[in-house]
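Protein chains: 2
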Amino acid sequence: MAENKLVKEITSMDEDFAKWYTDVVKKAELASYSGVRGCMVVRPYGTALWENIRNDLDSRFKALGHENVMMPMFIPEGLLQREKDHVEGFAPEVAWVTHGGEEKLQERLCVRPTSETLFCDHYKDIIQSYKDLPKLYNQWCSVVRWEKTTRPFLRTMEFFWQEGHTMHETAEQAIAETEQMLNVYADFCVDSLAIPVIKGKKTDKEKFAGAESTYTIEALMHDGKALQSGTSHYFGDGFARAFDITFTDRNNTLQYPHQTSWGMSSRIIGAIIMTHGDNSGLVLPPAVAPVQVVIVPIAMHKPGVTEKATQLCERLAKSFRVKIDLTDNSAGWKFAEYEMKGVPLRLEIGPKDIENNQCVLVRRDNREKSFVSLDCLEESIECLLKQVHDALYEKALARREEMTYPVSNLDEMIENAANRPGFIKAMWCGELACEEKLKEVAGVTSRCIPFKQEHISDVCVCCGKPAKHMLYWGKAY
Amino acid sequence: MAENKLVKEITSMDEDFAKWYTDVVKKAELASYSGVRGCMVVRPYGTALWENIRNDLDSRFKALGHENVMMPMFIPEGLLQREKDHVEGFAPEVAWVTHGGEEKLQERLCVRPTSETLFCDHYKDIIQSYKDLPKLYNQWCSVVRWEKTTRPFLRTMEFFWQEGHTMHETAEQAIAETEQMLNVYADFCVDSLAIPVIKGKKTDKEKFAGAESTYTIEALMHDGKALQSGTSHYFGDGFARAFDITFTDRNNTLQYPHQTSWGMSSRIIGAIIMTHGDNSGLVLPPAVAPVQVVIVPIAMHKPGVTEKATQLCERLAKSFRVKIDLTDNSAGWKFAEYEMKGVPLRLEIGPKDIENNQCVLVRRDNREKSFVSLDCLEESIECLLKQVHDALYEKALARREEMTYPVSNLDEMIENAANRPGFIKAMWCGELACEEKLKEVAGVTSRCIPFKQEHISDVCVCCGKPAKHMLYWGKAY
Numbered sequence: 001m002a003e004n005k006l007v008k009e010i011t012s013m014d015e016d017f018a019k020w021y022t023d024v025v026k027k028a029e030l031a032s033y034s035g036v037r038g039c040m041v042v043r044p045y046g047t048a049l050w051e052n053i054r055n056d057l058d059s060r061f062k063a064l065g066h067e068n069v070m071m072p073m074f075i076p077e078g079l080l081q082r083e084k085d086h087v088e089g090f091a092p093e094v095a096w097v098t099h100g101g102e103e104k105l106q107e108r109l110c111v112r113p114t115s116e117t118l119f120c121d122h123y124k125d126i127i128q129s130y131k132d133l134p135k136l137y138n139q140w141c142s143v144v145r146w147e148k149t150t151r152p153f154l155r156t157m158e159f160f161w162q163e164g165h166t167m168h169e170t171a172e173q174a175i176a177e178t179e180q181m182l183n184v185y186a187d188f189c190v191d192s193l194a195i196p197v198i199k200g201k202k203t204d205k206e207k208f209a210g211a212e213s214t215y216t217i218e219a220l221m222h223d224g225k226a227l228q229s230g231t232s233h234y235f236g237d238g239f240a241r242a243f244d245i246t247f248t249d250r251n252n253t254l255q256y257p258h259q260t261s262w263g264m265s266s267r268i269i270g271a272i273i274m275t276h277g278d279n280s281g282l283v284l285p286p287a288v289a290p291v292q293v294v295i296v297p298i299a300m301h302k303p304g305v306t307e308k309a310t311q312l313c314e315r316l317a318k319s320f321r322v323k324i325d326l327t328d329n330s331a332g333w334k335f336a337e338y339e340m341k342g343v344p345l346r347l348e349i350g351p352k353d354i355e356n357n358q359c360v361l362v363r364r365d366n367r368e369k370s371f372v373s374l375d376c377l378e379e380s381i382e383c384l385l386k387q388v389h390d391a392l393y394e395k396a397l398a399r400r401e402e403m404t405y406p407v408s409n410l411d412e413m414i415e416n417a418a419n420r421p422g423f424i425k426a427m428w429c430g431e432l433a434c435e436e437k438l439k440e441v442a443g444v445t446s447r448c449i450p451f452k453q454e455h456i457s458d459v460c461v462c463c464g465k466p467a468k469h470m471l472y473w474g475k476a477y
Numbered sequence: 001m002a003e004n005k006l007v008k009e010i011t012s013m014d015e016d017f018a019k020w021y022t023d024v025v026k027k028a029e030l031a032s033y034s035g036v037r038g039c040m041v042v043r044p045y046g047t048a049l050w051e052n053i054r055n056d057l058d059s060r061f062k063a064l065g066h067e068n069v070m071m072p073m074f075i076p077e078g079l080l081q082r083e084k085d086h087v088e089g090f091a092p093e094v095a096w097v098t099h100g101g102e103e104k105l106q107e108r109l110c111v112r113p114t115s116e117t118l119f120c121d122h123y124k125d126i127i128q129s130y131k132d133l134p135k136l137y138n139q140w141c142s143v144v145r146w147e148k149t150t151r152p153f154l155r156t157m158e159f160f161w162q163e164g165h166t167m168h169e170t171a172e173q174a175i176a177e178t179e180q181m182l183n184v185y186a187d188f189c190v191d192s193l194a195i196p197v198i199k200g201k202k203t204d205k206e207k208f209a210g211a212e213s214t215y216t217i218e219a220l221m222h223d224g225k226a227l228q229s230g231t232s233h234y235f236g237d238g239f240a241r242a243f244d245i246t247f248t249d250r251n252n253t254l255q256y257p258h259q260t261s262w263g264m265s266s267r268i269i270g271a272i273i274m275t276h277g278d279n280s281g282l283v284l285p286p287a288v289a290p291v292q293v294v295i296v297p298i299a300m301h302k303p304g305v306t307e308k309a310t311q312l313c314e315r316l317a318k319s320f321r322v323k324i325d326l327t328d329n330s331a332g333w334k335f336a337e338y339e340m341k342g343v344p345l346r347l348e349i350g351p352k353d354i355e356n357n358q359c360v361l362v363r364r365d366n367r368e369k370s371f372v373s374l375d376c377l378e379e380s381i382e383c384l385l386k387q388v389h390d391a392l393y394e395k396a397l398a399r400r401e402e403m404t405y406p407v408s409n410l411d412e413m414i415e416n417a418a419n420r421p422g423f424i425k426a427m428w429c430g431e432l433a434c435e436e437k438l439k440e441v442a443g444v445t446s447r448c449i450p451f452k453q454e455h456i457s458d459v460c461v462c463c464g465k466p467a468k469h470m471l472y473w474g475k476a477y
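Top line first, the protein sequences correspond to chains A and B.
This note's numbering applies: residue 1 is where the first sequence begins, and numbers increase by one.
This note's numbering applies: residue 1 is where the second sequence begins, and numbers increase by one.
Some clues are possibly wrong.
[What the hints assert, rightly or not] Derived DEER-like restraints, expressed as beta-carbon distance ranges: (1) THR306(B) with ASP187(A): 28 to 38 Å; (2) LEU64(A) with ARG155(B): 53 to 63 Å; (3) ASP56(A) with ARG155(B): 51 to 61 Å; (4) ASP56(A) with ASP187(B): 43 to 53 Å.
[Unchecked claim] Below 27 Å or equal to it, Euclidean Cα-Cα: the simulated BS3-like pairs (lysine-lysine) are: (5) LYS308(A) with LYS27(A); (6) LYS62(A) with LYS323(B); (7) LYS318(A) with LYS318(B); (8) LYS437(B) with LYS62(A); (9) LYS205(B) with LYS439(B); (10) LYS475(A) with LYS19(A); (11) LYS148(B) with LYS62(B); (12) LYS104(A) with LYS84(B); (13) LYS439(B) with LYS201(B); (14) LYS135(B) with LYS26(A); (15) LYS131(B) with LYS308(A); (16) LYS62(B) with LYS318(A); (17) LYS395(B) with LYS318(B); (18) LYS131(B) with LYS148(B); (19) LYS395(A) with LYS27(A); (20) LYS135(B) with LYS26(B); (21) LYS131(A) with LYS323(B); (22) LYS62(B) with LYS26(A); (23) LYS131(A) with LYS302(B); (24) LYS62(A) with LYS318(B); (25) LYS205(A) with LYS475(A); (26) LYS352(B) with LYS27(A); (27) LYS468(A) with LYS439(A); (28) LYS19(A) with LYS62(A); (29) LYS148(B) with LYS452(B); (30) LYS205(B) with LYS84(B); (31) LYS104(B) with LYS104(A); (32) LYS131(A) with LYS26(B).
[As the list claims (entries may be wrong)] To give an idea of the interface, some chain A residues facing chain B are shown, with a C-beta separation under 8 Å as derived from the structure: (33) SER34; (34) ARG43; (35) ALA63; (36) LEU64; (37) GLY65; (38) ASN68; (39) MET71; (40) PRO72.
None of these hints come from the bench; they were simulated from the model.
Ideal Cβ placement from N, Cα and C applies to all residues, glycine included.
Sequences are here, hints too, so could you generate the full structure?
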């Protein structure tokens with residue numbers, strides 16, 4: 001049977017999670033490998049998913065007064081070098097353009113790995129007075145980082161993202177923006193992607209190159225590994241000083257503005273796959289699913305079925321992203337195909353249903369079937385999509401809670417990190433040495449200092465000295 | 001007065017058209033120069049304009065069944081070289097990446113100047129049977145061509161565009177697609193941008209590198225120069241053969257598919273500026289204007305004015321892209337500012353208007369004032385926006401007709417090309433030699449062989465031999 005054939009083609013997630021992941025990416029036709037090392041081809045289904053993510057986030061940004069701009073993709077070497085920490089962080093992993101046509105360039109250009117330097121170079125020209133502030137800019141683009149090993153969406157040489165870059169009169173305003181944008185990301189994950197996240201601050205070791213502080217949202221994947229899903233950085237006036245950006249404040253004094261940047265990337269598609277997916281393939285949250293309802297006519301050869309299904313499709317297209325499959329593949333093949341693609345609801349309609357003025361709706365997440373009247377079909381779908389969303393969120397949250405546990409000494413940390421996947425909560429003294437040691441002996445990195453602190457013990461899990469914070473630790477993508 | 005000050009800052013278009021153009025780009029805050037040679041920063045106003053253009057075109061593409069994808073930005077040198085004419089056309093003008101971090105690459109990568117080769121490399125993997133055809137893909141991205149001299153939007157090293165790439169079972173279907181997409185571009189120009197265009201075919205000399213034929217739409221700018229505004233290419237099966245893309249047809253025979261590509265770029269923003277702009281700045285067609293109506297309250301200090309204007313703004317935001325200016329700049333300054341930015345309609349409302357339950361609407365294109373009742377404000381605005389659109393189109397069409405004239409011999413061609421800007425209609429024998437000679441002696445290039453042919457004379461304007469076609473000739477951007 002075609003259905004079985006398809007299902008068999010995916011590796012089970014328990015058997016080999018990494019292989020399951022790439023199987024889903026390929027079989028759900030999200031992306032495929034390209035002839036360019038480390039770069040992927042994002043296929044129509046993956047691109048439609050990314051466009052829905054982009055449109056959702058973009059309207060959240062714009063509602064808060066942000067404006068989009070389009071910056072050059074190249075950064076001259078001298079510009080990249082302007083801020084010391086930043087260049088140290090990024091120079092080792094950029095692609096260098098050295099020739100234009102036949103001509104050798106006098107100054108190398110790197111393909112942007114991130115655009116702080118370009119934004120600063122522009123802000124220098126357009127910020128003179130406090131009246132010019134805040135500047136709340138964002139751009140949607142792709143960036144390049146020369147990665148050694150790559151995996152579709154999770155880590156690719158070129159990836160797609162948005163990067164917000166803002167400038168403010170005061171440190172307080174910039175910090176408020178940094179926090180606000182982290183909340184936007186967290187709300188988006190919860191409301192649109194059904195992914196629960198931990199909000200917190202990165203340690204100095206893990207923060208962004210050139211930032212004073214980095215905030216992060218961390219999600220837990222099905223296999224117990226963490227995925228950093230969005231970050232928001234506060235820069236203070238470090239870049240402003242390096243780029244000599246000044247403004248006349250309300251007291252007519254020259255000041256440096258305070259800066260933030262924040263980004264979410266196409267790796268969030270990896271988070272969706274690894275949070276909700278199962279052994280039949282992808283499971284998509286309704287808010288961003290390219291197809292929310294797929295219509296599969298049953299016994300298509302019977303008179304009236306195709307017509308009725310087509311009518312329904314036209315009717316539903318006014319309220320939902322809907323697709324009808326009128327190909328001559330078997331119903332079983334179609335079921336498997338749209339399960340693989342994670343379509344939240346399947347609508348089946350056959351001769352008997354038509355007689356009874358009803359259809360069948362099947363949820364992708366738990367395969368629950370409902371027979372619903374065609375009279376109130378929109379309401380039923382609306383309601384079921386909401387139920388799917390909520391169930392996905394609850395399931396992911398329950399799994400995260402089950403996979404999160406406290407440890408209070410080094411042996412426990414090593415033992416658990418080795419045997420029990422998930423988030424580890426443990427106290428930390430604040431010293432880099434302990435962070436490095438935990439990576440070395442337990443293979444975990446600090447994920448974040450969560451805003452919601454808990455008291456696990458009084459002392460650092462590593463050195464036993466007085467603890468400063470409770471941290472989430474784990475293995476990460 | 002602030003108004004005069006602003007107006008004075010633009011060079012008059014009669015005095016220096018090129019300077020007028022860059023003044024408008026800068027003062028209307030569409031784009032500014034960046035620290036990266038030949039690359040621009042597209043500012044929020046320019047980006048919003050581009051987003052409106054993108055969304056409009058994108059929905060036209062999708063309505064015809066096209067799907068978006070995202071391809072890598074790099075092309076390995078070997079891949080670019082696969083199709084002989086194509087590499088000859090593009091290799092001299094690409095940016096080469098030679099290093100990733102510290103490591104020297106074994107094979108250079110160029111930053112895509114266009115993506116035929118990448119699409120073919122992907123199509124090779126996903127096309128097996130006639131059931132896989134047609135493939136109707138498009139992508140929105142930026143591309144890089146190493147230009148010597150650049151001007152914002154018109155010719156920049158990096159520019160923004162969409163590139164459609166499709167594969168078909170038969171030559172007929174591919175040619176139909178090529179023509180269909182040219183019509184989509186032409187309709188978009190007419191319906192959304194109010195720009196009249198000539199549809200036609202490029203000569204072999206002017207066609208795209210690797211194409212069998214290139215169709216084009218050509219618009220005439222205010223200064224009498226032509227601007228190629230969108231192109232659509234038919235490739236036959238040349239790339240398919242070079243990339244070994246085959247499919248099993250309906251008779252179970254292996255065939256090469258037939259290919260098209262088509263693109264419209266951010267240079268269309270240059271066309272908007274140079275078609276509709278005037279000495280007060282930009283004039284934007286309502287369908288793509290980032291702000292369609294700007295509300296300027298009059299006598300803002302008088303009680304109730306700001307409140308009423310704000311209420312109107314909220315009300316109109318449901319139907320239009322509307323903005324209110326509540327800054328303490330003078331009304332005169334605001335008038336000049338939004339004229340510079342080309343906002344199609346200005347809504348003025350002051351204490352007397354409020355008393356009379358009315359407001360004033362002023363058209364940007366001809367400064368015509370209407371007093372309209374607040375009761376039917378939406379209808380009045382709708383109607384005026386349509387009038388603005390139609391008037392812009394009629395004006396541009398009248399100017400083009402006035403600036404288009406036939407010539408029938410070489411002396412006339414040289415004389416007219418030197419002294420009379422515009423489109424020149426003249427017969428051509430079809431020989432490259434004549435095309436080259438006309439460029440040399442008259443400084444004109446062939447713009448297109450229009451689909452609507454006219455008979456000017458029996459013989460080629462250059463060599464006097466029997467003519468094959470009537471062509472549009474001119475100086476071009």
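Outcome of the hint check:
1. THR306(B) with ASP187(A): 28 to 38 Å: Holds - the Cβ-Cβ distance for THR306(B) and ASP187(A), about 32 Å, lies within 28 to 38 Å.
2. LEU64(A) with ARG155(B): 53 to 63 Å: violated (36 Å)
3. ASP56(A) with ARG155(B): 51 to 61 Å: violated (35 Å)
4. ASP56(A) with ASP187(B): 43 to 53 Å: This hint is violated: roughly 30 Å between Cβ atoms.
5. LYS308(A) with LYS27(A): Distance ~30 Å between LYS308(A) and LYS27(A) Cα, so the pair is violated.
6. LYS62(A) with LYS323(B): holds (14 Å)
7. LYS318(A) with LYS318(B): holds (19 Å)
8. LYS437(B) with LYS62(A): violated (54 Å)
9. LYS205(B) with LYS439(B): holds (12 Å)
10. LYS475(A) with LYS19(A): Cα-Cα ~18 Å, so holds.
11. LYS148(B) with LYS62(B): violated (36 Å)
12. LYS104(A) with LYS84(B): holds (24 Å)
13. LYS439(B) with LYS201(B): Holds - the C-alpha atoms of LYS201(B) and LYS439(B) are around 18 Å apart, at most 27 Å.
14. LYS135(B) with LYS26(A): Since the Cα atoms of LYS135(B) and LYS26(A) sit roughly 18 Å apart, the hinted pair holds (cutoff 27 Å).
15. LYS131(B) with LYS308(A): holds (25 Å)
16. LYS62(B) with LYS318(A): holds (16 Å)
17. LYS395(B) with LYS318(B): violated (30 Å)
18. LYS131(B) with LYS148(B): violated (45 Å)
19. LYS395(A) with LYS27(A): Status holds; Cα separation ~24 Å.
20. LYS135(B) with LYS26(B): Given pair LYS135(B), LYS26(B) is violated - Cα atoms ~41 Å apart, limit 27 Å.
21. LYS131(A) with LYS323(B): holds (18 Å)
22. LYS62(B) with LYS26(A): Judged against 27 Å, a Cα distance of about 24 Å means the pair holds.
23. LYS131(A) with LYS302(B): holds (24 Å)
24. LYS62(A) with LYS318(B): holds (16 Å)
25. LYS205(A) with LYS475(A): Measuring from Cα to Cα gives roughly 16 Å; hence the hint holds.
26. LYS352(B) with LYS27(A): violated (67 Å)
27. LYS468(A) with LYS439(A): Roughly 19 Å separates the two Cα atoms, so the pair holds.
28. LYS19(A) with LYS62(A): violated (38 Å)
29. LYS148(B) with LYS452(B): The hint is violated at about 35 Å.
30. LYS205(B) with LYS84(B): holds (16 Å)
31. LYS104(B) with LYS104(A): The given pair, whose Cα atoms are some 15 Å apart, holds under the 27 Å limit.
32. LYS131(A) with LYS26(B): holds (19 Å)
33. SER34: With a minimum Cβ separation of about 5 Å from chain B (threshold 8 Å), the hint on SER34(A) holds.
34. ARG43: With a minimum Cβ separation of about 6 Å from chain B (threshold 8 Å), the hint on ARG43(A) holds.
35. ALA63: Result: violated, 12 Å to nearest chain B Cβ.
36. LEU64: violated (14 Å)
37. GLY65: violated (11 Å)
38. ASN68: Check passed: Cβ of ASN68(A) comes within 5 Å of chain B, closer than 8 Å.
39. MET71: At 6 Å from the nearest chain B Cβ, MET71(A) passes the 8 Å test, so the hint holds.
40. PRO72: holds (4 Å)
This entry does not satisfy hints 2, 3, 4, 5, 8, 11, 17, 18, 20, 26, 28, 29, 35, 36, 37, going by the numbered hints stated previously.
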